[in-house]
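There are 6 protein chains.
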Amino acid sequence: MTEGSQSRMVYLSGEMVPEAEARISIFDSSVLLGHCVTESSRTFQHRPFLLEQHIDRLYRSLKVARIHLQHTPAELLQITLNVLDANRPMMATGDDCWIVHNISAGSLKLGPGSNQVNPATVMIFTNHLALRGWARFYTDGCHAVTSMSRAVPSQTLDARIKNRSRMAYTIADAEARLVDPDAQCVILDIDGNVSENKGGNLFVVSDGELRTPSTDNCLAGLSRQTVIELAQEQGLVVREMKLQMYDLYTADEVFFTSTPYCMMPATKFNGLPIGDGCVGGITQQLLAAWSERVGMDIVAQAQRQI
Amino acid sequence: MTEGSQSRMVYLSGEMVPEAEARISIFDSSVLLGHCVTESSRTFQHRPFLLEQHIDRLYRSLKVARIHLQHTPAELLQITLNVLDANRPMMATGDDCWIVHNISAGSLKLGPGSNQVNPATVMIFTNHLALRGWARFYTDGCHAVTSMSRAVPSQTLDARIKNRSRMAYTIADAEARLVDPDAQCVILDIDGNVSENKGGNLFVVSDGELRTPSTDNCLAGLSRQTVIELAQEQGLVVREMKLQMYDLYTADEVFFTSTPYCMMPATKFNGLPIGDGCVGGITQQLLAAWSERVGMDIVAQAQRQI
Amino acid sequence: MTEGSQSRMVYLSGEMVPEAEARISIFDSSVLLGHCVTESSRTFQHRPFLLEQHIDRLYRSLKVARIHLQHTPAELLQITLNVLDANRPMMATGDDCWIVHNISAGSLKLGPGSNQVNPATVMIFTNHLALRGWARFYTDGCHAVTSMSRAVPSQTLDARIKNRSRMAYTIADAEARLVDPDAQCVILDIDGNVSENKGGNLFVVSDGELRTPSTDNCLAGLSRQTVIELAQEQGLVVREMKLQMYDLYTADEVFFTSTPYCMMPATKFNGLPIGDGCVGGITQQLLAAWSERVGMDIVAQAQRQI
Amino acid sequence: MTEGSQSRMVYLSGEMVPEAEARISIFDSSVLLGHCVTESSRTFQHRPFLLEQHIDRLYRSLKVARIHLQHTPAELLQITLNVLDANRPMMATGDDCWIVHNISAGSLKLGPGSNQVNPATVMIFTNHLALRGWARFYTDGCHAVTSMSRAVPSQTLDARIKNRSRMAYTIADAEARLVDPDAQCVILDIDGNVSENKGGNLFVVSDGELRTPSTDNCLAGLSRQTVIELAQEQGLVVREMKLQMYDLYTADEVFFTSTPYCMMPATKFNGLPIGDGCVGGITQQLLAAWSERVGMDIVAQAQRQI
Amino acid sequence: MTEGSQSRMVYLSGEMVPEAEARISIFDSSVLLGHCVTESSRTFQHRPFLLEQHIDRLYRSLKVARIHLQHTPAELLQITLNVLDANRPMMATGDDCWIVHNISAGSLKLGPGSNQVNPATVMIFTNHLALRGWARFYTDGCHAVTSMSRAVPSQTLDARIKNRSRMAYTIADAEARLVDPDAQCVILDIDGNVSENKGGNLFVVSDGELRTPSTDNCLAGLSRQTVIELAQEQGLVVREMKLQMYDLYTADEVFFTSTPYCMMPATKFNGLPIGDGCVGGITQQLLAAWSERVGMDIVAQAQRQI
Amino acid sequence: MTEGSQSRMVYLSGEMVPEAEARISIFDSSVLLGHCVTESSRTFQHRPFLLEQHIDRLYRSLKVARIHLQHTPAELLQITLNVLDANRPMMATGDDCWIVHNISAGSLKLGPGSNQVNPATVMIFTNHLALRGWARFYTDGCHAVTSMSRAVPSQTLDARIKNRSRMAYTIADAEARLVDPDAQCVILDIDGNVSENKGGNLFVVSDGELRTPSTDNCLAGLSRQTVIELAQEQGLVVREMKLQMYDLYTADEVFFTSTPYCMMPATKFNGLPIGDGCVGGITQQLLAAWSERVGMDIVAQAQRQI
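Residue numbers (the UniProt record's numbering), protein chains in the order written: chain F, 1 to 306; chain B, 1 to 306; chain D, 1 to 306; chain S, 1 to 306; chain G, 1 to 306; chain A, 1 to 306.
Honestly, I wouldn't trust all of these hints.
Pairs involving identical chains hold if they fit within one copy or between any two copies, as the list cannot separate such chains.
List of simulated lysine to aspartate or glutamate pairs, DMTMM-like, C-alpha gap at most 20 Å [to be verified]:
1. K242 with D191
2. K109 with D297
3. K242 with D140
4. K109 with D191
5. K109 with D95
6. K63 with E292
7. K268 with E75
Calculated directly from the structure, the hints in this document are not laboratory data.
Please read all numbers here as calculations on a predicted model, not as lab measurements.
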């Protein structure tokens with residue numbers, strides 16, 4: 001997973017190790033139970049974006065997942081910045097990187113209990129932000145496809161706990177790709193309302209308004225939050241509401257939001273064109289606002305990687 | 001996680017490595033997605049029990065989880081026996097061991113797709129079967145407690161895919177332990193019917209019949225299957241049916257089934273005694289039948305560890 | 001919709017008219033409300049199969065749909081036989097025909113009420129049983145694919161009312177065809193259990209047993225009933241139970257049942273092979289038993305049309 | 001269905017035919033599958049009301065129902081106006097007419113597929129707007145009664161696809177009429193929230209606010225939209241929210257909205273008086289505002305027909 | 001509530017008091033919380049029927065409702081027989097009586113807790129078994145009508161806890177009586193399956209089999225159990241299964257079971273005749289078997305009261 | 001339940017009786033059916049608070065519960081004030097009292113019907129407002145704990161009917177107390193959303209906003225309404241929205257509202273601290289505003305009782 005000759009460095013529970021040596025015990029709770037919370041943030045022009053907010057959310061996830069972490073948020077922020085600094089040499093000028101946190105409940109003991117008995121395993125790594133796979137969607141739009149399986153209900157595991165027990169989402173994604181190998185999945189909740197993408201949120205533009213599911217059935221994404229703020233700055237009405245397949249079929253515009261690509265327009269839904277089948281004006285306007293906010297052209301960066 | 005001076009050996013994707021060195025990349029799909037299927041079997045008197053059936057079920061899980069494994073079932077069986085042989089020196093005469101298989105979709109590539117791009121990561125290990133934590137439940141019974149969170153519904157991720165995306169179950173277990181730190185959780189499905197324990201199935205004895213949920217909302221446990229067979233051999237009626245909290249409150253006997261302990265009697269449910277508050281006769285009869293089937297005293301083995 | 005030069009004759013509310021002239025008012029309740037019940041039966045060797053049972057079920061549908069029909073079952077049977085006789089000249093020796101009944105609540109009056117104010121519209125027609133589209137599935141198996149939309153719940157409209165308000169099923173079928181243009185859809189109910197195909201029922205063979213959903217969430221198909229009877233005659237265990245996607249992924253065999261093709265093997269489910277990917281032995285055995293029961297080779301008849 | 005000696009003319013897939021000759025094949029997808037989308041608009045003083053909006057919604061329904069129509073919206077509008085013109089001679093001065101569009105997927109071919117193989121069947125007709133059945137409800141209010149059956153859930157078929165697969169609604173209406181032959185049904189969704197009337201929407205007035213279900217479980221009615229606009233113009237607060245039977249029992253006022261009658265007050269709900277049992281002031285105010293908007297007295301028009 | 005000049009005697013928490021003086025504090029948990037469990041049994045020819053079983057079930061209800069009763073089952077049985085003896089003088093030769101137990105958690109203390117702080121309030125009374133209201137249903141059948149409200153789900157309060165928190169059932173009964181003042185309500189569960197009557201169970205006869213909901217959504221009635229036993233003695237197949245409105249509409253026979261009337265035939269369901277609209281043969285056969293079992297003519301007893 | 005030597009007086013269906021003699025027949029519908037609606041209001045400085053609003057809500061409950069009360073609201077208000085006056089001598093200067101209304105459908109007749117045949121039983125009493133049990137929660141906060149059982153769904157019995165069929169809530173409360181004997185229960189609805197406390201509503205403070213479930217799944221509490229008004233006066237944003245366990249775990253502040261204690265802060269949820277584990281600033285600010293509104297220190301009053 002490296003780019004270039006020099007090795008990326010990963011922070012692993014107190015040590016900075018080369019990426020290829022970043023290994024954890026097969027008895028770690030992340031492996032044995034998927035008991036691991038996570039954050040994925042990114043840089044723009046090598047500067048971390050909303051990193052404090054990501055770390056705040058991480059601590060909320062830790063609490064609800066009942067994982068005890070031996071660092072304060074401030075310490076974790078500093079460690080993260082150290083990881084970023086250690087990997088700066090690998091970042092090309094026009095590129096940026098992911099910053100990923102994975103925190104598990106540490107190594108497990110097999111037996112009747114399930115409480116955390118060891119310190120949390122802390123994995124923090126950066127990664128070249130490879131955007132090639134998404135780049136053409138900025139101009140062509142992607143194909144959004146409903147999966148057959150449904151999202152984990154909040155009474156089972158709240159989607160706002162950003163976690164690594166993602167098998168359900170992985171299978172849902174594979175189902176959507178049966179329709180189109182490049183499809184981006186739209187996962188419905190068990191009542192049939194739109195929930196989320198495998199790793200992002202979803203917006204529709206209809207009647208000139210921006211609409212997105214409220215967070216009672218999906219991740220409270222920070223990219224989602226950024227879009228809401230940008231839209232409100234642009235004077236757009238933003239409504240959190242139940243969306244259903246009908247809303248996607250009849251929307252003027254649809255886009256996903258997620259950390260790596262920020263916003264990904266969809267121009268097809270379940271085989272039918274969305275709006276006029278082209279990337280929509282409000283989507284472009286919001287992407288431009290985001291680019292302006294971070295002082296660089298988000299789309300151009302991705303397209304340079306093609 | 002070792003016992004004694006010699007190190008256990010773990011099979012890790014083609015190599016036999018000492019347990020302490022059994023590490024996987026933090027970019028493995030098991031860590032990043034909980035995308036890992038599993039089996040836990042055990043030995044009785046150092047002989048594997050139902051190992052072929054566990055491997056068959058593993059391949060069913062692999063298929064539905066869309067993980068491609070580079071071995072045939074026969075090859076995997078042979079590798080497993082090799083692992084067992086490699087660890088025989090660590091097994092004391094009266095003890096037995098777990099045999100655990102974890103198969104993930106291998107190392108991931110961050111980006112838009114989620115298909116498996118690398119060979120599966122194969123983790124096979126044995127482990128001293130530490131029964132101390134459960135031993136007293138054979139005579140005293142455990143305290144079964146309903147969790148507040150509910151099981152993953154089958155339309156989200158079928159419980160019969162024995163998988164490692166277990167955060168929901170881990171949190172449910174912690175919830176039950178709020179009532180009693182030694183509680184064993186009883187997880188209800190989203191309709192309020194009894195589903196399963198964090199890692200096992202559940203039976204009640206009422207009106208002289210053995211009753212257990214059908215597998216449309218829980219794992220199709222092989223210990224569960226063993227109990228059903230033993231009960232039928234004993235002439236007991238076994239019914240797969242919906243069970244609800246009322247059935248547990250009013251049962252004559254309740255027990256859990258799982259690989260390590262086989263059967264674990266519960267004598268209390270949500271703070272109230274089950275039946276007369278003692279381990280029941282049919283439970284004991286079935287445990288004895290199981291001991292007879294495997295040629296050793298299951299309860300005595302556990303109690304020797306106290 | 002005719003074959004050959006002579007025109008088929010349709011019974012239309014008291015008259016026998018050529019197929020091309022079989023037209024109904026656009027104010028008919030079948031057009032304006034989908035308020036129309038139906039039966040589809042067929043002949044084997046030009047003899048109607050289970051026609052009385054189809055007519056009995058039709059009267060059950062009429063009752064629950066609150067449509068009053070001005071004929072007794074015996075009269076309707078006689079009319080049906082007359083239609084069949086009128087169309088015998090069009091039936092080639094090796095061919096057979098559909099016999100379809102559609103009964104609507106007659107012509108409507110626009111306004112506040114919705115009670116039937118006119119005599120029922122009675123449409124009875126036969127049709128060449130064109131099996132070409134299904135013929136290759138007898139040997140190759142079809143591709144069963146889960147739709148994204150879910151079946152009409154019984155508390156809304158019971159699937160056992162065989163009715164013509166089929167838009168939900170038509171859309172579900174189109175969704176499945178996004179995966180494969182020749183897919184046969186598998187519609188789940190709102191709880192995620194397998195319900196039915198657009199126009200048929202579904203069976204799996206697992207552990208040597210035949211399993212099919214009970215009729216609380218699907219049509220009580222007469223082909224389904226025939227398969228159950230044939231299987232029991234063959235000494236097979238038949239269980240009506242909840243089935244879920246997992247059951248189809250892990251089945252040894254899967255097949256659909258419906259009037260025109262009797263049984264249609266599926267060898268692929270959501271892109272993965274079912275069993276060994278070939279039409280299964282029990283499926284073939286049951287098809288053979290059916291052929292024997294009706295005194296003709298069902299598969300050969302279809303294959304002659306290729 | 002005619003008034004007077006001259007015959008109304010119906011547009012039927014390219015031809016203008018007398019109403020009595022407006023017939024379609026019994027093999028049409030509207031008859032065989034209820035696969036037909038629809039719009040019902042009306043005139044006020046012989047001028048069509050919101051016709052463009054109805055046609056827009058029709059195209060949204062066509063898209064989601066995957067019916068291909070061979071006309072552009074502009075063409076369809078022109079055809080509609082032609083139908084209206086052709087029938088103007090039948091309209092008395094004080095009367096108005098329905099304008100109904102039914103578009104099906106055309107004639108079907110029996111067999112494995114369900115794709116549209118023939119051009120859409122286009123049925124456009126006007127009809128004398130017979131208001132006699134509703135006229136007394138403007139002054140006395142109607143009796144709103146909950147049906148036993150529940151609305152089609154959106155995950156099955158979105159209510160916003162205005163469609164002709166209406167058997168569930170027809171049966172629900174008959175159930176409500178068991179309580180009172182003149183009852184207007186109130187259909188609940190599968191969670192027990194108020195959804196819609198057989199062919200209209202529903203509002204309550206409570207605490208001086210106008211409240212109506214949001215469109216995630218009911219038709220997005222244009223009469224509903226008109227009431228919302230009129231209310232906002234009058235300075236009333238309008239809230240889209242979940243309503244339950246309690247809200248109707250305890251409302252100050254309740255009314256239905258639908259194209260033919262615009263607004264129909266209800267003064268009784270499940271046998272109990274609504275408010276003081278009389279048509280409420282806000283209902284009357286909104287009706288008056290609507291009358292003003294269309295330049296004629298809506299209530300007087302209906303009452304002239306008694 | 002007395003018959004004749006002498007007063008019935010009621011057992012009230014240790015005392016035998018005349019019925020008119022049988023009063024409890026308005027601070028009793030039965031009044032303030034409906035926190036009261038109950039049994040209703042009856043005599044046949046002045047002998048109690050299944051009294052031990054009723055008392056057993058009462059103790060199951062007490063346990064799950066967490067009400068502590070200061071008597072053993074044997075003591076309670078003796079007290080009950082004393083009540084019966086005390087009231088024998090009031091029983092006419094051909095008549096019988098109810099035996100009702102109500103046990104509440106005693107007098108409450110207002111404040112933060114809800115635990116039982118006082119001894120249980122024990123109310124045991126007999127009552128003339130007034131059958132006049134049901135008598136004609138034995139020959140004419142009653143009208144079964146679905147309520148609009150749904151049964152309490154088991155995840156809220158298990159119907160098998162026979163309890164006095166019956167407001168939901170009382171309202172459901174009133175709803176059914178909107179259709180017919182003599183209607184007997186059929187309450188559906190929240191999934192739309194038949195649950196129970198306000199105070200009894202429900203059976204259908206179809207295809208020669210007796211079918212009734214399993215007790216996961218309804219009271220485990222002892223009359224229900226008696227019918228099952230009688231039917232099995234008669235060689236009838238009895239199936240516990242999900243029933244839906246369709247099953248009642250299309251049944252050959254339908255009847256309710258409850259302590260006072262044993263079995264009550266229904267000949268109409270939601271306005272439509274059941275079977276041929278007459279009391280069915282199997283219903284009569286089972287009623288006769290019950291009469292034989294208890295050595296008296298159940299129907300004749302009721303009809304003498306008309 | 002008295003304080004001091006003098007007896008409190010209770011209004012019981014027309015008479016003023018000493019509390020100890022306030023008894024009702026065991027045949028009352030409140031005892032036999034829990035068919036009883038209720039209001040609990042209180043005084044501040046001996047003056048009733050929102051009494052008219054409580055009486056208005058009582059009449060709404062009576063209507064939906066189909067209980068006929070022989071008094072007008074104005075009469076009931078006057079009777080209530082008379083009860084209050086009769087009990088003023090028992091009120092110490094610094095204390096206050098509950099005012100409780102219980103209205104049942106009167107004495108029942110056993111038999112097939114369930115209509116009200118006797119006048120309503122009217123129970124109106126005051127009670128010393130014993131706050132000792134809650135007093136320390138104002139400073140320490142209470143422990144909020146999720147019950148295992150779920151709230152009664154509105155399609156069964158709307159929570160806005162303030163009623164005495166409270167067994168489900170009583171059991172849920174006992175379940176929460178398994179975790180902590182002083183726990184205050186948080187009951188989820190059947191979809192897993194926060195509904196209500198056994199006898200109160202629930203608010204969270206997050207992101208500086210006040211959030212509470214909308215009343216479609218919980219009681220429309222008047223204390224809840226008071227908090228909303230006070231918050232809006234303080235310039236706080238108040239949102240009615242779905243809340244889930246995650247919202248409570250991650251809230252900055254949580255509090256309950258109910259008549260006796262007005263607001264009760266929670267500082268622990270399911271064993272984890274809420275916010276910083278101390279009573280929050282907004283909670284204190286709102287409590288202070290309430291104290292100011294009623295002209296007395298609510299917290300001090302409670303603490304004087306310790």
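Can you give me the call for K242 and D140, within, between, both or neither, at a CA distance of at most 20 Å? Neither, since 27 Å and 37 Å both go past 20 Å.
Within a copy, between copies, both or neither: where do K109 and D297 come within 20 Å Cα-Cα? neither (49 Å within a copy, 25 Å between copies)
Tell me, please, which holds for K109 and D95 at an alpha-carbon limit of 20 Å: within, between, both or neither? Classified as between; 18 Å across copies, 42 Å inside a copy.
For K63 vs E292, is the C-alpha pair at or below 20 Å within one copy, between two copies, both, or neither? neither (35 Å within a copy, 37 Å between copies)
Up to 20 Å CA-CA - D191 versus K242, copy category: both (10 Å within a copy, 15 Å between copies)
Cα distance capped at 20 Å. Does K109 pair with D191 within a copy, between copies, both, or neither? neither (38 Å within a copy, 32 Å between copies)
Within, between, both or neither: how does the pair K268, E75 come out at a Cα-Cα threshold of 20 Å? neither (44 Å within a copy, 26 Å between copies)
Comparing the model with each earlier hint shows violations of hints 2, 3, 4, 6, 7; every other hint is respected.
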